[in-house]
Amino acid sequence: MNKKISGTPFSEYREEQVRVNVFDYFVTPSFFDQFYDTKPLLIYGSRGSGKTTLFKALALSDAKNVESYLSDNSYIGIYYRIDLNIMASFCGCGVSDDQWSKLFAHYFISALNYELIRQVIDIKDKIDFTDEKNFSKKYARLFSGKSSAVSLEELKDVIYNELYLVREYINNCANQEYPHIGDFATIIKELPSDLLRAIRNYDFSEKIIFYLVDEFEGLNDWQQRSILSFVKYSDDKHTFKICMRPDGLKSAETIGGEFISETDDIKSIDLNEKILNGKDGYYQYALDVCKKRIELFCNKNNFDINNILNFEDIFEELNFEHEMEIILKNRGKEKEKEISAFLNSIEYNSSEVNDYFQRNYFDFLLFRIVFLKKKSNVSVEDMWEMIKTKNKKYDTYVHNYKESLLYYLYLSSSKNKIYSGFRTLVNISGGTLRYLLEICNEIFEIAIANEKFSYEKPKVISYKTQTDAIYEISNKRVKQISAIPEIGLNIRTFIIALGKICQAYHKEERISKIEPNHFSIKSSNGRIEENVRIFLKECVTRGVLIKCKNNKAKNAGYIGADEFLYVLHPIYTPSFQISWRRKQKIEFDIEEVNILISNNTLEITKLIKKYMKKTNLLNENVNLDYMQLKFFFTEES
Amino acid sequence: MGGYFEKMFFWEEFLCYYSKDKLNFIGNSSSEKRSENVGKIDKLNEQCKCTYFFLDYDYEEDSFECNNEKYDLKSQAFTFLRKLDKSIPVILNITSMNLRLMGTLLFNIKKIGFKEVYCLYTEPLRYCKNIDGSDEEEFVDRFDLYKKFRGIEPIPGFLRANDDKLDEKWIAFLGFDGKRVEQINDRYDFADIVPVITLPSYKPGWQNYALQENIDIIKSVERKPEYIIANSFLSAYDYLEKMKKTYPKTYLRVTPLGTKINALGAILFCLNNVHNVELLYDNPKEEGKISTECGKTYIFDISEMINQ
Numbered sequence: 002m003n004k005k006i007s008g009t010p011f012s013e014y015r016e017e018q019v020r021v022n023v024f025d026y027f028v029t030p031s032f033f034d035q036f037y038d039t040k041p042l043l044i045y046g047s048r049g050s051g052k053t054t055l056f057k058a059l060a061l062s063d064a065k066n067v068e069s070y071l072s073d074n075s076y077i078g079i080y081y082r083i084d085l086n087i088m089a090s091f092c093g094c095g096v097s098d099d100q101w102s103k104l105f106a107h108y109f110i111s112a113l114n115y116e117l118i119r120q121v122i123d124i125k126d127k128i129d130f131t132d133e134k135n136f137s138k139k140y141a142r143l144f145s146g147k148s149s150a151v152s153l154e155e156l157k158d159v160i161y162n163e164l165y166l167v168r169e170y171i172n173n174c175a176n177q178e179y180p181h182i183g184d185f186a187t188i189i190k191e192l193p194s195d196l197l198r199a200i201r202n203y204d205f206s207e208k209i210i211f212y213l214v215d216e217f218e219g220l221n222d223w224q225q226r227s228i229l230s231f232v233k234y235s236d237d238k239h240t241f242k243i244c245m246r247p248d249g250l251k252s253a254e255t256i257g258g259e260f261i262s263e264t265d266d267i268k269s270i271d272l273n274e275k276i277l278n279g280k281d282g283y284y285q286y287a288l289d290v291c292k293k294r295i296e297l298f299c300n301k302n303n304f305d306i307n308n309i310l311n312f313e314d315i316f317e318e319l320n321f322e323h324e325m326e327i328i329l330k331n332r333g334k335e336k337e338k339e340i341s342a343f344l345n346s347i348e349y350n351s352s353e354v355n356d357y358f359q360r361n362y363f364d365f366l367l368f369r370i371v372f373l374k375k376k377s378n379v380s381v382e383d384m385w386e387m388i389k390t391k392n393k394k395y396d397t398y399v400h401n402y403k404e405s406l407l408y409y410l411y412l413s414s415s416k417n418k419i420y421s422g423f424r425t426l427v428n429i430s431g432g433t434l435r436y437l438l439e440i441c442n443e444i445f446e447i448a449i450a451n452e453k454f455s456y457e458k459p460k461v462i463s464y465k466t467q468t469d470a471i472y473e474i475s476n477k478r479v480k481q482i483s484a485i486p487e488i489g490l491n492i493r494t495f496i497i498a499l500g501k502i503c504q505a506y507h508k509e510e511r512i513s514k515i516e517p518n519h520f521s522i523k524s525s526n527g528r529i530e531e532n533v534r535i536f537l538k539e540c541v542t543r544g545v546l547i548k549c550k551n552n553k554a555k556n557a558g559y560i561g562a563d564e565f566l567y568v569l570h571p572i573y574t575p576s577f578q579i580s581w582r583r584k585q586k587i588e589f590d591i592e593e594v595n596i597l598i599s600n601n602t603l604e605i606t607k608l609i610k611k612y613m614k615k616t617n618l619l620n621e622n623v624n625l626d627y628m629q630l631k632f633f634f635t636e637e638s
Numbered sequence: 223m224g225g226y227f228e229k230m231f232f233w234e235e236f237l238c239y240y241s242k243d244k245l246n247f248i249g250n251s252s253s254e255k256r257s258e259n260v261g262k263i264d265k266l267n268e269q270c271k272c273t274y275f276f277l278d279y280d281y282e283e284d285s286f287e288c289n290n291e292k293y294d295l296k297s298q299a300f301t302f303l304r305k306l307d308k309s310i311p312v313i314l315n316i317t318s319m320n321l322r323l324m325g326t327l328l329f330n331i332k333k334i335g336f337k338e339v340y341c342l343y344t345e346p347l348r349y350c351k352n353i354d355g356s357d358e359e360e361f362v363d364r365f366d367l368y369k370k371f372r373g374i375e376p377i378p379g380f381l382r383a384n385d386d387k388l389d390e391k392w393i394a395f396l397g398f399d400g401k402r403v404e405q406i407n408d409r410y411d412f413a414d415i416v417p418v419i420t421l422p423s424y425k426p427g428w429q430n431y432a433l434q435e436n437i438d439i440i441k442s443v444e445r446k447p448e449y450i451i452a453n454s455f456l457s458a459y460d461y462l463e464k465m466k467k468t469y470p471k472t473y474l475r476v477t478p479l480g481t482k483i484n485a486l487g488a489i490l491f492c493l494n495n496v497h498n499v500e501l502l503y504d505n506p507k508e509e510g511k512i513s514t515e516c517g518k519t520y521i522f523d524i525s526e527m528i529n530q
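Protein sequences appear in the order of chains D and X. In this text, residue positions in the first sequence follow this note's numbering: the first is 2, and each later residue adds one. In this text, residue positions in the second sequence follow this note's numbering: the first is 223, and each later residue adds one.
Some clues are possibly wrong.
[As the list claims (entries may be wrong)] Pairwise CB distance ranges, derived in the manner of DEER restraints:
id, chain 1, residue 1, chain 2, residue 2, range
1, X, Asp386, D, Lys453, 42 to 48 angstroms
2, X, Pro422, D, Asn320, 54 to 60 angstroms
3, X, Gly517, D, Asn451, 44 to 50 angstroms
4, X, Gln434, D, Phe321, 37 to 43 angstroms
[Claimed, not checked] The calculated lysine-lysine pairs, modelled on BS3-like cross-linking and capped at a C-alpha distance of 30 angstroms, are:
id, chain 1, residue 1, chain 2, residue 2
5, D, Lys480, X, Lys507
6, D, Lys190, X, Lys387
7, X, Lys244, X, Lys518
8, D, Lys514, D, Lys336
9, D, Lys550, D, Lys523
10, D, Lys293, X, Lys391
11, X, Lys244, X, Lys308
12, X, Lys471, D, Lys301
13, D, Lys607, X, Lys446
14, X, Lys387, D, Lys65
15, D, Lys134, X, Lys387
16, D, Lys138, X, Lys387
17, X, Lys441, D, Lys301
18, D, Lys480, X, Lys446
19, X, Lys370, D, Lys548
20, D, Lys586, D, Lys477
21, D, Lys453, X, Lys446
22, D, Lys65, D, Lys238
23, D, Lys103, X, Lys308
Rather than coming from a laboratory, the hints here were simulated on the basis of the structure. If you're wondering where the values come from, they're calculated on a predicted model, not measured in any experiment. Ideal placement from N, C-alpha and C gives every residue a C-beta, glycine not left out.
Please model the complete structure; the sequences and the hints are all you need to start from.
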């Protein structure tokens with residue numbers, strides 16, 4: 002009987018989409034125990050890296066079994082997602098900054114604790130809350146200044162009213178009085194410990210409250226400082242864990258001007274770094290996540306999970322030789338002419354050499370690179386000797402240029418790079434789990450539609466399907482690169498221009514730079530302008546660029562205006578037919594960067610042409626259409 | 223359909239219908255031909271005493287100027303409107319009015335309690351941006367109508383919150399500029415998205431532009447787009463009402479990126495439903511002309527709805 006199956010195991014690839022309990026999908030990463038630390042934690046992770054999922058795994062609201070959660074954990078996680086729309090409204094109205102600051106602090110603490118009280122009410126039937134009346138009375142007064150409450154439910158209403166009054170004030174500031182500000186400092190200091198002490202069972206008195214604050218990058222700098230002021234005064238009864246996108250921290254200061262220090266006050270975790278740490282760290286984690294999804298899917302749809310081969314083996318994987326074969330198919334005459342023409346041009350066209358290279362095209366390409374890069378003390382004979390004997394130097398060249406040559410061949414023969422194998426999918430996702438799941442979803446959807454893939458009798462998914470899926474997702478992601486609202490469309494224009502410049506290097510015969518997909522900035526005065534800094538920060542926050550330390554200063558005299566490298570996120574690399582690997586960088590002048598971020602398409606095009614000229618591509622028919630994907634050239638065509 | 227009847231007039235009909243002796247006309251300064259105010263005021267002056275107020279909205283300062291007086295949008299729009307006699311009907315020319323200004327005015331009009339309220343809108347005949355994009359415009363979208371945005375920020379008067387953490391639904395009235403929807407979703411990452419397209423649109427085939435420009439988000443959701451009528455604010459209002467009734471325990475976030483008339487419906491709905499409905503908007507800055515020439519002019523009587 003044919004079953005109608007809805008979706009693929011990877012259909013729900015965003016945390017917000019996961020309709021079953023998040024714990025069902027959750028795979029504990031190796032570094033997760035760091036999240037239990039009672040010290041405040043700042044967690045950086047790009048979009049789709051799993052930040053929210055990790056938080057939800059700690060949150061009481063998402064506990065699959067509340068009793069187990071309360072018994073097994075030494076913490077109570079209260080998840081709070083910052084709403085950009087609300088936080089952006091704390092401004093204007095002729096109100097002073099100080100008044101907004103107090104109002105914001107009052108609102109934030111009220112919102113956090115409204116969530117806490119709401120969660121406690123939800124589990125009230127399971128806990129033994131003593132002295133609810135006094136607790137509620139005390140905090141009703143602290144929040145509102147006047148109200149009374151005798152139960153948690155009434156306290157919740159009091160806090161709700163405070164939130165409502167702040168919003169009403171913002172909506173009607175012309176006609177409303179500035180609202181009462183609760184004693185937020187006392188509330189945040191005392192409420193967690195009072196609450197934990199008041200609950201008798203499940204060892205609440207030994208627990209700590211984790212305030213899990215998500216989307217911190219959405220706040221402006223004074224708001225972040227306000228919250229950091231609370232973070233600094235975490236204690237053994239409450240602490241903060243704050244998630245944000247990379248470079249999302251706008252200020253490391255508190256309202257009082259104190260700096261938050263890594264050693265004394267907080268810890269920080271870079272999720273991307275953690276996930277990618279170690280040779281196979283991310284790979285194994287990604288594999289476990291995918292296997293878990295397959296397992297859930299099979300269970301849900303009554304498939305025998307043993308039907309699914311080792312998950313990795315479902316993906317056909319081509320090796321280097323296979324790819325070369327595909328690229329060079331039907332290029333016999335072309336290769337012949339190319340080799341002969343080159344050897345003639347360097348006056349080294351003996352029959353021995355020519356015949357050898359006709360049979361070993363890869364070695365010819367290497368030889369050509371060596372020749373084009375040659376130093377004056379190296380003769381053509383030495384180069385030939387190196388190729389013929391395959392000595393150590395040859396091995397070094399192969400190691401350095403093998404992958405580059407693959408990209409070169411694809412680009413010069415106008416064929417689309419093949420992507421195959423689970424490891425490749427993991428690499429292209431660049432540490433962002435969401436991208437991997439999206440790619441897998443696309444692969445399975447195409448496989449089901451075009452290859453009649455079935456879960457009951459699964460077979461290996463072809464490299465063509467995998468490649469199609471990767472291009473689909475990569476191109477979609479490029480198109481989705483959004484604007485920075487305040488300064489317009491620059492990010493996508495910038496990324497397209499960067500992609501084209503990198504592509505020019507990949508298409509260069511002599512491969513002057515090995516697989517560049519990242520850049521650093523050089524400036525004559527060692528400074529980077531503020532607008533460039535802001536722009537690059539936004540690119541990093543949005544996950545379009547990955548920022549790394551630039552450890553390889555060229556020489557002592559090198560003025561690194563920016564100590565960082567900016568790497569194009571691997572998910573975009575297929576769209577530009579460039580490598581995802583981090584090899585050699587491009588160094589842009591600050592003036593060039595200014596052009597690239599300027600949105601001035603004329604100047605940008607000129608700059609791209611300049612790089613094409615550098616890489617000898619200028620005579621090519623330059624196609625500036627960023628939609629790189631041409632119809633896929635299959636071996637059957 | 224809900225409990226309201228859409229009172230819509232063509233311009234010429236309104237001129238015949240309107241019988242009061244006074245009228246307050248509020249319009250904004252714009253370079254767009256279709257938002258031209260003077261000709262309309264002259265016509266109205268043939269019928270009644272029409273007092274006009276031209277508002278010059280400043281995007282950077284979030285304020286507007288009228289008769290050489292500056293008003294902060296958030297804190298002084300109320301003051302401006304309160305100077306008007308609320309018993310005299312008011313007509314808002316919303317054609318090229320920034321939605322932020324329009325929403326704030328309507329919020330305060332409701333609060334003050336103006337008895338008779340009309341909105342005037344002139345359709346565009348065509349949009350003048352990049353429809354036949356040339357190669358030089360490779361980096362620019364076909365409907366790159368706005369370049370700058372204030373960003374996501376509540377329109378004054380429309381701040382709400384999902385305090386009880388209800389499941390959320392994002393209802394996006396899709397326009398021609400597909401990037402806006404992506405920008406907003408980039409910040410919020412909504413799980414449940416309801417794309418809404420106008421059909422019939424102002425001109426036959428224009429719904430296809432909206433489909434094409436928003437194809438990525440439409441493909442990514444698990445449902446087909448919904449449809450509302452482009453030149454009907456009641457269509458938008460009733461649709462939202464239907465959604466609220468169908469999903470009573472869901473927090474609705476509404477983003478009106480489509481027609482101004484549909485946005486009017488969304489604004490009125492949000493004004494009349496303060497719980498679990500929120501307007502989510504990216505506040506673009508209009509720069510220069512977006513459209514050329516004029517289509518039909520409509521007048522909508524929203525008195526009953528705004529005074530609910």
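Hint check:
no.: 1; hint: Asp386/X / Lys453/D: 42 to 48 angstroms; in the structure: holds (47 angstroms)
no.: 2; hint: Pro422/X / Asn320/D: 54 to 60 angstroms; in the structure: holds (56 angstroms)
no.: 3; hint: Gly517/X / Asn451/D: 44 to 50 angstroms; in the structure: holds (45 angstroms)
no.: 4; hint: Gln434/X / Phe321/D: 37 to 43 angstroms; in the structure: holds (40 angstroms)
no.: 5; hint: Lys480/D / Lys507/X; in the structure: holds (22 angstroms)
no.: 6; hint: Lys190/D / Lys387/X; in the structure: holds (25 angstroms)
no.: 7; hint: Lys244/X / Lys518/X; in the structure: holds (25 angstroms)
no.: 8; hint: Lys514/D / Lys336/D; in the structure: holds (24 angstroms)
no.: 9; hint: Lys550/D / Lys523/D; in the structure: holds (15 angstroms)
no.: 10; hint: Lys293/D / Lys391/X; in the structure: holds (28 angstroms)
no.: 11; hint: Lys244/X / Lys308/X; in the structure: holds (11 angstroms)
no.: 12; hint: Lys471/X / Lys301/D; in the structure: holds (27 angstroms)
no.: 13; hint: Lys607/D / Lys446/X; in the structure: violated (43 angstroms)
no.: 14; hint: Lys387/X / Lys65/D; in the structure: holds (18 angstroms)
no.: 15; hint: Lys134/D / Lys387/X; in the structure: holds (26 angstroms)
no.: 16; hint: Lys138/D / Lys387/X; in the structure: holds (25 angstroms)
no.: 17; hint: Lys441/X / Lys301/D; in the structure: holds (25 angstroms)
no.: 18; hint: Lys480/D / Lys446/X; in the structure: holds (21 angstroms)
no.: 19; hint: Lys370/X / Lys548/D; in the structure: holds (26 angstroms)
no.: 20; hint: Lys586/D / Lys477/D; in the structure: holds (25 angstroms)
no.: 21; hint: Lys453/D / Lys446/X; in the structure: holds (25 angstroms)
no.: 22; hint: Lys65/D / Lys238/D; in the structure: holds (24 angstroms)
no.: 23; hint: Lys103/D / Lys308/X; in the structure: violated (37 angstroms)
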